[in-house]
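Peer 1: Sequence:
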Amino acid sequence: MNRFTRAVAMASARHPWRTITGWVLAVVALFALAAAAGGTFADDFSAKGSQSDRALTLLNDNFPDAAKGTALVVFQAPEGTTLTEDQTAVTTVLDQVNDLEHVASLTDPFQAGTVSEDGTIGYAQVTLDVPERQMGKPAFTTLSNGVAALDSSDLRVELGGDAVFLNAEDSSSGHVGIGLLVALLVLLVVFGTFVAAVLPIGLSLVAVGAGIGGITLMASVMNVSVSAIPVAGLVGLGVGVDYALFVVARYRENRNAGYDNQAALAAAMGTSGAAVVFAGGTVVIATSALAITGVGVLTSIGLATALMVFSSVVAATTLLPALLSLLGDRIDKGRIGRRGTAKAAEETAWWRFGHRVSARPWPYLLGSVAVLCAIAAPALSMQTAFPAAGDAPEETTHRQAYDLLTDGFGEGINAPLLVVVDLAATGVDAAGVKAVADDIAAVPGIVAVSDPQTSEDGDTVVFTAIPTTGPADPDTSTTIDRVRDAIPGNVYISGITAVTDDLNAQLSAKLPLFIGAVIAVSFLLLMLVFQSIAVPAKAAVMNLLSIGAAYGVMVAVFQWGWGAELLGLDGPTPITSIIVVIMFPILFGLSMDYEVFLLSRIREEYDRIGDNTEAVARGLAGTGRVVTSAALIMVAVFSSFIFSPVPSLKMLGLGLAVAILLDATVVRMMLVPATMALLGKANWWLPVWLNRVLPNLVVEASDEPASTDVRVAGPSPADEPNASEFAGR
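Under the numbering used here, the first residue of the sequence shown is numbered 8, with each subsequent residue one higher.
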């Protein structure tokens, strides 16, 4: 692998302007194709084959009017009056809403009886002209803004409903900018020069741009979640900066060791470049494995993230070498601080720390495991749910509508059950629909049932049932189970809580296969690279520990509410099951990144000197500073999403940041060296028979500068060492 990566990279370095032009044309072409043929983004939360999925399929096929998107215009009368007294103002607002784009029809709250008993709160149901999935977030935002701008003459008007909540746009770009600023500061400290610091950030932005174009194009052939770009972009920014950091750091280390520019670049791409390809490939495989769940929203987010990481890997192995070849000595322009002298490995704190861990491995091993297990302990009591509009920020219109509806009609109004009857199937017939509705109304936990509506062909009947509890309340799930036990086989229950329950049931069934596949593939890849059984086994266990710790922090902060106010939350918030699943392959793949960079350097030293303890110390000395810096960058980028107004993105940002921080400190700097010291030569043991049949994927092998004849563009090499090189600290 190292020879292939070096060959590709140096071919780009040989023709830098062709490479850069190719990237520009590729990105422009992607965005042009995306603009012409790209699809809209919509979340597919359905669990295929479940009751809720069959209900929605029936509506789409046989009752298109009922399958169209809906929203609720919620009214509150001015203090001291009732809606009846302000009926003229309500009618005026309804007329204005009816003129808004995508509004097909709406009900009159006075005729439909959707006014609260005290007459102060009411709502009109808006039927859209297209299904919810076809509208997308921008159209819902336009509709929300249109309602907010209506002249209501002191009448309070809010737009709510599940569709509005699920398609509400969030503004996270400013927060991401803060994360990138922190990343720039870290890079300035690592490299000590402005050009070297800016290069990884610029490269990651180009890679993310290409990834966004590819994801938009992907939306033309499959349903892609509205969260695909935010999640994939978050990961893409982090790995894009990190991958470039690893390559540039090794390149400058080689320059400081006396290599000329072309030899330094070739050696860097044959070592760190190959590690980037392998590590990125692991993340691509891990995130693509989300397709195993069979859930549309997870499949699209997984593939989008894989596409984004692939773009980052390609940029790091083609565009980055081209830029480095053009920059040459100018990589050290814009120096910050004084120029010093690079230290030998034996003079670094990382080398001394590695020997300290190796001298007393048991205390470090037991202490690290104890810390991770303690942090992970709350995860044992994790309870997942799907967030409702009641969990949204108070200033949003859908949260305001949710609270008004709860005040006027009870919390269950926000969690309606959609009952769909397939009259073409065996079971209840048209004459028995009324009896089914009565049976559902008699179920404990159901407060009201609407009048049934029949499709034009007479094959499908639909009506709603209102529970007494809210959408995220476990009692609502219990009520749904009771309703499903009381209905015939051709009657199906849907609605946001029913969809969530079916989704969680499918995830519970698929998770063992999904997790097993991610671990098995990662184990196999690490075994091929390091020709070892112990290395991949340890990596899997350690990754699970750091992921478990991230889950534990999420439970403490979100489910238990510890410090939730500091994150802008009102209190405890349900942990989104989909976020928990998304985090696993991302974290497992990213943890493998640091594993590969650390262990490949240790293996490189071990092959050179044959001393396990010294190899561990030198591996830490060679990667300790850069891995820690890379982790800080990743933490900064991920933490930016903690400030998002969307609770699910807060969870994702906090969980990823905590896991990466623990993985790069407790795991890579203490747990890995301790276990390697205890195992000694057994770290690299592989059965003879297995060694014969397995191919050997070399990731990092020591490259001699004379091994390349590539002519690289740029100024002549500089012989002076760089004080801020990571290996010298």
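Be aware that one or more of the hints could be misleading.
[Said to hold, decoys possible] Pair ranges (Cβ atoms, derived):
#, residue 1, residue 2, range
1, 496, 71, 33 to 43 Å
2, 185, 265, 20 to 30 Å
3, 95, 176, 29 to 39 Å
4, 118, 163, 38 to 48 Å
5, 414, 118, 36 to 46 Å
6, 471, 163, 23 to 33 Å
7, 384, 340, 21 to 31 Å
8, 298, 618, 40 to 50 Å
9, 105, 163, 38 to 48 Å
10, 471, 85, 35 to 45 Å
11, 11, 471, 18 to 28 Å
12, 439, 463, 38 to 48 Å
13, 55, 176, 35 to 45 Å
14, 617, 579, 51 to 61 Å
[As the list claims (entries may be wrong)] Here are the simulated DSSO-like pairs of lysine-lysine, each with C-alpha atoms no more than 27 Å apart in a straight line:
#, residue 1, residue 2
15, 55, 688
16, 144, 75
17, 441, 340
18, 75, 55
19, 75, 441
What the hints contain is simulated information worked out from the structure, not anything from laboratory work. For each residue, glycine too, the CB sits at the ideal point set by N, CA and C.
Peer 1: Confirm or reject each hint.
Peer 2: Hints, one by one, checked against the model:
Checking the proposed 33 to 43 Å range against residue 496 and residue 71 shows it is violated: the Cβ atoms sit about 24 Å from each other. Residue 185 and residue 265 have their C-beta atoms about 39 Å apart, which leaves the hinted 20 to 30 Å range violated. Range check, residue 95 to residue 176: Cβ separation about 33 Å, and the 29 to 39 Å hint holds. A C-beta distance of roughly 21 Å is found between residue 118 and residue 163, which places it outside the suggested range of 38 to 48 Å.
Taking the beta carbon of each, residue 414 and residue 118 are about 22 Å apart, not inside 36 to 46 Å as hinted. Checked against the given bound of 23 to 33 Å, the beta carbons of residue 471 and residue 163, roughly 25 Å apart, stay inside it. Range check, residue 384 to residue 340: Cβ separation about 50 Å, and the 21 to 31 Å hint is violated. Separation of residue 298 from residue 618 is about 44 Å and conforms to the stated range, judged on CB atoms against 40 to 50 Å.
A hinted range of 38 to 48 Å is violated for the C-beta pair residue 105 and residue 163, which are about 19 Å apart. Remark: the range hint 35 to 45 Å for residue 471 to residue 85 is contradicted by a beta-carbon distance near 30 Å. Taking the beta carbon of each, residue 11 and residue 471 are about 59 Å apart, not inside 18 to 28 Å as hinted. Taking 38 to 48 Å as the suggested C-beta distance range, the pair residue 439 and residue 463 does not conform, at roughly 20 Å.
Restraint check, residue 55 to residue 176: a C-beta distance of roughly 28 Å breaks the suggested window 35 to 45 Å. Taking 51 to 61 Å as the suggested C-beta distance range, the pair residue 617 and residue 579 conforms, at roughly 55 Å. Between residue 55 and residue 688 the CA atoms are separated by roughly 49 Å; this puts the pair beyond 27 Å, and the hint is violated. Between the alpha carbons of residue 144 and residue 75 the distance comes to roughly 16 Å, so the proposed pair stays at or under 27 Å and holds.
Among the hinted pairs, residue 441 with residue 340 is inconsistent with the structure: their alpha-carbon atoms are about 80 Å apart, more than 27 Å. Between residue 75 and residue 55 the alpha-carbon distance is near 20 Å, which keeps this suggested pair within the 27 Å criterion. For the given pair, residue 75 sits about 24 Å from residue 441 by alpha-carbon distance, which is consistent with the 27 Å threshold.
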